[in-house]
Amino acid sequence: MKTTPLTPVHESLKAKMVDFGGFYMPVQYTSIIEEHNAVRSSAGIFDVSHMSEITVKGKDAAAYIYNLVTNDISTATENQIMYSPMCYEHGGCVDDLLIYKNNDEDFLIIANASNTDKDYEWMLNNAYGYSVKIENVSNEYGQIALQGPTAQTLLQQITEFDLDTIPFYRFRKNIDLSGICALVSRTGYTGEDGFEIYIKADHTEYLFKKLLDLGAVPCGLGARDTLRFEAALPLYGHELSDKITPLNAGLKSFVKFEKTDFIGKSALAEQAQQGLDVRSAGLEMIDRGIPRNGYELFNESNDKIGYVTSGSTCPSLNKNCALGLITLEYAKIGNIIYVDIRGKKLKSVVVKKPFYNKKYKK
Amino acid sequence: MKFTKNHEWIKKEGEYAYIGITDYAQKQLGDIVYVELAEEDLVLQQGDVLCAVESVKTAAEVYMPVSGRVVEANHELEDAPEKLNENPYDAFLAKITMDDESEYDELMTEEEYNKFLESEEE
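Those sequence lines, one after another, are chains A and B. Under our numbering, read the first sequence as residues 673 to 1034, first letter to last. Under our numbering, read the second sequence as residues 5 to 126, first letter to last.
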């Protein structure tokens, strides 16, 4: 299993460690619910060093990325970040990415840890004809996510740089954080305000401990999952996959059909024109029970109409909810859907996403 | 009190026995947020599913340590499932009558269970 620069810290904090996509990662330190609540009420820090960093540089970098992903990077300014699915020709997703634009010839792409090798190969294979240099620099960097309503106040204590000058989905490089040079972006995966911080691998431990000393609560992947789930943020392998297109996942706003071309455009345009067969919907349990990934969904007549892609109790809402991939005609707000939980058909209702209203600072 | 390899405990009290999950089990599960209680009056064989306990992360089935009939489910846990984390040996899941006490006698003692846990960790 791969480790991160923070593995010794997790062990010294007696975290419960698990294999996550080939990485030895903390699932919780004390309690998923306590860690979840810390992020909603104050500030939590996560080791997200397992995420991959891939740089795309060269004269054609902007044109290459324009073709590679569904979102339109040509509209991004310097120091802006864009979220985008990256699709196969058939419209299914290779991955979903954050794209950091330094300038038209220099981008940083953040991908899901378990997809790194696949993404990197896909990116190389689609670089033919473009003057670009693509490098997987994941091992050189550590990444810490600092999330929660007090994240900015806390981070401001270790920098003279005015963090107010970094708006939502913007970043700045070469920020001095307690003597360490960092890239700081106002992004995250929790539905709260906060930052993702990129530093050299061997500076990660110092910064993580510094933030702990200032009172940030260490949070594991368990809380990261419940937080992103409440905010209905998609997770690759669940809401998105090589078989689930961005349109099925409800990510149409990140698919720019007005672009002259991009990989997967014709398949996605055809899907949009023909109408979706299934789409992602939010479900809230009416009966008692917790829906889980893979549980089957039924209509009133007991026909199977889909399955749960992610399901959990929602610690901030005191509800049990699910994201499900559902036959289109049933994915309407207010519709009753039955979840098969250990052989019992339990009642749920289709609700608006997200379950938790995101508290971004825009 | 006796123990199973699935991390249930069972305690004989007069003509009844109480069943719960061990401290090790609750620690492995983490925050317990829901209990699907056993159905009262249900007759079950040793090893049958008795009920389910769910933490934030996972759902875990609890099995009958011995054959018997469910007399009572602990309804207190419906609104306070966290009691399984706080006091795993007080928070019983079900009260049963046993069919065959020899099944109980054959289960692990506390000492045997602790040794079993050590061997699991290795």
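Everything labelled a hint here was simulated from the structure, so no lab data went into it. Honestly, I wouldn't trust all of these hints.
For each label pair, taking beta carbons as the anchor points, the in silico distance ranges come out as [as the list claims (entries may be wrong)]: (1) S803/A to T62/B: 29 to 37 Å; (2) Q829/A to T113/B: 48 to 56 Å; (3) T62/B to K976/A: 51 to 59 Å; (4) K915/A to E76/B: 44 to 52 Å; (5) N91/B to H762/A: 50 to 58 Å.
Under 8 Å between C-beta atoms, here's a sample of chain A residues computed to sit facing chain B [what the hints assert, rightly or not]: (6) T985; (7) R1014; (8) N1029.
We treat Cβ as the ideally placed atom computed from N, Cα and C, and that holds for glycine.
Each hint, compared with the structure:
The hint said 29 to 37 Å for the Cβ distance between S803/A and T62/B, and at roughly 49 Å that hint is violated. For the pair Q829/A and T113/B, the supplied restraint of 48 to 56 Å holds, since their beta-carbon distance comes to about 55 Å. For T62/B and K976/A, the hinted distance range of 51 to 59 Å is not satisfied, since their beta carbons lie about 24 Å from each other. Look at K915/A against E76/B: about 47 Å separates their beta carbons, and that is inside 44 to 52 Å.
The supplied range of 50 to 58 Å is met by N91/B and H762/A, whose beta-carbon atoms lie about 54 Å from each other. At a threshold of 8 Å, the smallest CB-CB gap from T985/A to chain B is about 5 Å, leaving the interface hint in force. The beta carbon of R1014/A comes within 6 Å of a beta carbon in chain B, closer than 8 Å, and the hint placing it at the interface holds. With a cut of 8 Å, the hint placing N1029/A at the interface with chain B is violated, because the nearest CB-to-CB distance is about 21 Å.
Checked against the numbered hints above, the structure breaks hints 1, 3, 8 and satisfies the rest.
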